[in-house]
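Residue strings, one per chain:
There are 2 protein chains.
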Amino acid sequence: MTDARQLWERARTQHFSDAGLGFALDISRMDIDDAFFAAHAEDAQRALAAMAALERGAVANPDEQRMVGHYWLRAPHLAPSLTERRAIEDTLAAILRFAADVHGGRLRTERGERFGNVLVVGIGGSALGPQFVADALGSATDRLRPFFFDNTDPDGIDRVLDQLEPTGGLARTLTVVISKSGGTKETRNGMLEAQAAYRAAGLAPERHLVAITQEGSELDRVAVAQRWLARFPMWDWVGGRTSELSAVGLLPAALQGLDVAGMLAGAAAMDELTRTTNVRQNPGLLLALAWRKATGGRGAKDMVVLPYKDRLALVSKYLQQLVMESLGKEKDLDGNVVHQGLAVYGNKGSTDQHAYVQQLRDGVANFFVTFIQVLKERRASSLQVEPGVTAGDYLFGFLLGTRRALYDGGRPSVTLTFDDVTPAAVGALIALFERAVGFYATFVNVNAYHQPGVEAGKKAAQAVIALQAKVIAALPHDGDGATVDALAAQAGAPAEVETVWRICEHLTANGRARRVPGTTPFTARYLA
Amino acid sequence: MTDARQLWERARTQHFSDAGLGFALDISRMDIDDAFFAAHAEDAQRALAAMAALERGAVANPDEQRMVGHYWLRAPHLAPSLTERRAIEDTLAAILRFAADVHGGRLRTERGERFGNVLVVGIGGSALGPQFVADALGSATDRLRPFFFDNTDPDGIDRVLDQLEPTGGLARTLTVVISKSGGTKETRNGMLEAQAAYRAAGLAPERHLVAITQEGSELDRVAVAQRWLARFPMWDWVGGRTSELSAVGLLPAALQGLDVAGMLAGAAAMDELTRTTNVRQNPGLLLALAWRKATGGRGAKDMVVLPYKDRLALVSKYLQQLVMESLGKEKDLDGNVVHQGLAVYGNKGSTDQHAYVQQLRDGVANFFVTFIQVLKERRASSLQVEPGVTAGDYLFGFLLGTRRALYDGGRPSVTLTFDDVTPAAVGALIALFERAVGFYATFVNVNAYHQPGVEAGKKAAQAVIALQAKVIAALPHDGDGATVDALAAQAGAPAEVETVWRICEHLTANGRARRVPGTTPFTARYLA
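These protein sequence lines are chains A and B, in that order.
Quick note: to get the working numbering, add 330 to the position in the first sequence (first position is 1).
Quick note: to get the working numbering, add 330 to the position in the second sequence (first position is 1).
If you are wondering where the hints come from, they were derived from the structure by calculation, not from laboratory data.
No distinction is drawn between identical chains; accordingly, a pair holds when it is met within one copy or between any pair of copies.
Taking lysine-lysine pairs in the BS3-like style, the calculated list, with each CA pair at most 25 Å apart, reads:
1) Lys-661 - Lys-631
2) Lys-706 - Lys-800
3) Lys-800 - Lys-789
4) Lys-661 - Lys-789
Since the structure is predicted, the reported quantities are computational estimates derived from the model, not experimental observations.
Extracted from the complex, chain A is given alone in its bound form (with noise of 0.2 Å):
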C-alpha cells in the first residue's frame, strides 16, 4: 500500500493518453516500478518485432501455416499483396452500397416492405463481437433492429423469433448467416432452423438471406445453389476472434446504421498507438506488462472486467473470448506443454459491486480489475438525485470508491478511461486488446491465433451424434425394452454405457424413445 501522494507521482508517469482518440491507459495501481520495466525492456522490443512481421505478412499462426491480418482491414494499405488489399477495399465498399441499398428502400423484403430487422446466426467469433458492438452502439434510433441467433437451442431459437413479432417478424427479417469456415454446426442448425421458419412463415428464405464465409465454402455453395440476396467473402488470414472489422462485424454494424468507417478508424487510431517502439508511451506494451506483473505470465491471475456503462457490459464476454482463446494453450511454440492462459470474467458497475466485489475486496486474492470508465454521462443533462450530484455522480464515484478499496486491500487494478462510446472508441478498445494480447502470447511464447484444444469436443460431440443413430436403430419397437447395457453391446460400444444411458433419457424426454422405469434410473429399459 502505497500512500495517495506517491500514487498521484506513479499516476502522472505510468498513465498513457491521447487527447485525439479520447483514450487513457493508467496502470499505477499495478505496482510496476522501473525495475520491472527495464527487465521486460528486451521482451518488449521482442514482441515488437513480432508484431511488425506479422503485420507485413509474416506466417503468425505457424499451426495452420497462415498469416494473420486483422491489423490490415483497417488500413489496406499495409497488406502485403494487392490481392488483400482490394480484398478489403472491395468488402468495405460493396458492404456499405448493400447497407445503402437496404436503408434507402431499394433491396425490399419479399413483400415489397422494408426491412426492419437483422437476424444474424452465428457463434463465438461469428456473435460476440457483433453482439457487443451492437449492444455498445444501438440506440432506439437504429435503421435495423439487431437480433442473435448464436446457438443451437431449440427452445432458444424459438425465444428469438417470438421476439422479432413485434417488429414485423420473419416477413420484415433480413438474415445475416456468418461462418468463416462455412462448415459450423451450431450456425449451419440455426440456418436450417431460420429457413424452415420462414417458409412457415410462407416467405421465400432466399429473399432474406444473406452469407458471410470464405469462397467455396459448405455455406457458400449453399447461398450460390439458393441464389441468395448477397454473398460477403472472409478469408483465412483473418481469424473468428479478430474479424470484428472484417465484414462478420461491419455488415451487421452497417445495417443497423452504425457508423463502420468510425469503428475502423479507432481502431486504426489505436493501431498506430501501439506500433509505438517507446514502451511507456505504447498502451499495447503497458497493458501486456501490466498482465504480466499480475500473473506471473502464468495466468496465476484471473482479469476481472468492469465497465462503468451499462452499454459496455457485452466487453467481458468478447474479451474472455479475445483472450481466452488466444492464450490459453497447452504448448508454447517449441512444443513445451506450458498449460497457458489468462481467465477473464465480469459484467458491470456499479452493479457488480452488489454482487460479488465483496468476494473481490476481501476474500480469495486471485485476480486483478480492468476498470472500464466513461466519461460522458448521458446525452441530454442529468437531473439532480441531490443538491448538486448526479447520478452519474455516484456511478464515477463507485468506481473511483471501488478502485480505491480493491487497492488498500492489496488488489491491483488498470483503468481505461474513454470519453464517450462512440463507434471510434469501441473501436479503439477491440484494437487495443487485439495488440495486448498479441504482445501477451509473445512474452509467454504461445500461439495466438489458433484453437487446437476446440476439437476435441467437437470430436467428442459427433461421436455422440453417430452413438445416437446406432442407440435409435437399436431401441426395440415392442416388448418390455432393452437394458442400456444391451442397447451399448448392439451399438456396438459395449464400454459407452453412460453415454448411451444419458441418450437415452434425452430421447425419452423429447418424445423419440420411451421408458419403462427400473427400481433405479440405471436399470430403466428403452424401447422405440
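Start from chain A and add chain B according to the hints.
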C-alpha cells in the same frame, strides 16, 4: 483419467436424482472416492446441524445478530414464531391479490389502461434474482413485460426508457422499487430518475409506483408520504442474495404472470431433499463436498457455470452473487484472516465452446465446471437438421462432448440435469445452491450471511462525492483557472490530488467545469 466402464460404475453410485422434481446431480467427474466421503463425514454432519439450527431460528449471522430465514419463505410452518409465519403468508397472499388486480384490470394506469410493463428498480440482490427468473421463465405470453433499472448509469436508464416505448412507454408501466434497507443509493437514484421521467411524460409517478422494503425505511417513508400504489415488506431475516423467494422475486414474477406457487413448491421440495442426513442422498451436501474437493476448501479453483439452455444464461450471474458474496470473506468465524471465496463465472453452452472452452480444455487448470443440462428441447417438435438429428441433439452432443474432453484433460465437472425449465425447477435450482453455500460455509467456517467488505467501497465512493462538492465550490469562475494542486488544497484534501484531477475531468466531460489545457493532462487548469 478413468476408463468409460469405471466412470459408469462411479456415475451410478455418485448420482442423485429425484423423479418428482425432475432433477439429477452427478458428481462422478469430480474424482471423489470413498475415503474423501469418510474424511468429511463429520464435517457433513456438522453442516447439517448448523443448518438445522439456522432453520429453527438461531442467530446464524452473528456479525449482524440476525436470524437467517429464507428457507421459511417456502415453508412458513417452519418459521420460529407465528410473527414470521404470518408475515410470510400474508405477504404472499397480498402479492397474488395485487397481481390479480393488475392482470384483471381492477388496478389500472392513471389513464385507465391496463398495465403492460413492469419496471423493476433494484440492484444486486434486488435485481439478479428477478432478472434470472424473468429470463428463465418468460415468454411471449407474459402478462407484463419485465424491464430493469439495475445501476446508476444515466445512459443505461435512458436506454431502458427507450426500450419501454414500443409497448406503451411509462404510461403503461408499473414500477417496482426494491431496496431491502431502503437506502441503497443506486436504487434511490433509479427511483428519482423514474419519477422524473413519469413527470416529463405528464404522468403522476405515485399512480405507477410500488415499494418493496423494510417497514420504516427511507424508501418506505417516501412511499407512504407520496401515497404509492402499494408497499410489500422485507425483513431483516432475509438477506438480499437469498431474497428471490420473498416479495423481491415473487412480486415481479407474479406480475409477469409466472407461476410463483410452482417456484415456491420446487424450492420447498429441494429444501426437503437437502435436509436428508444421508450424505450420499443429499444433493446440497454432495455439491458442497464437490466444491471442497475441487478447491481444497480454499477457493483454489474457479467455478465455471455452463447451462446448455439459452434461457438459463443468467444463472451464472445469479450464482456469482450468491456464492461469491456469501463465501468471499476476509475472516473466519473465529476471527482468523482466511481470505476465503469461490469465484464463479460462465455464460452458456454450447456458445462458450466457441469462446473460452479452448482455455478450459488446454490452458490453466484453475477451475471446475458446473454443467446444467435440460432434457426437454422445445415446446413443439423439432426439425431434422440431418436425417434423424435435431438442433437439440447437437446441443446435447456438445454438452457430453465438452464434458468428456475436459475430463480427459484432467478438468473435473459436476452435472445438474433438469427435465425442463419449469417454475419448480427454477425454485429447486435456487434452493439447491442456497443450501450448498450454507453447508460449504460451515466447512470453511465463515459467516455466509453478511458482506462487510462492501462497505469500504461505499464509504470511499461517498468520500469522492463529498470531495467533488468541495472541488465544485473551489472552482474559480473566471481567470486562468486553478491547478489540481490548488483545488485539492482549497478543498482541504491536499493529498488527494489524483482524485481531484479525476473529478475535474469528470466534471469537464459533462459540461460542469471548463478545462484550460496544460502541457500534460495533469497540468491543465480548471474553471467553473
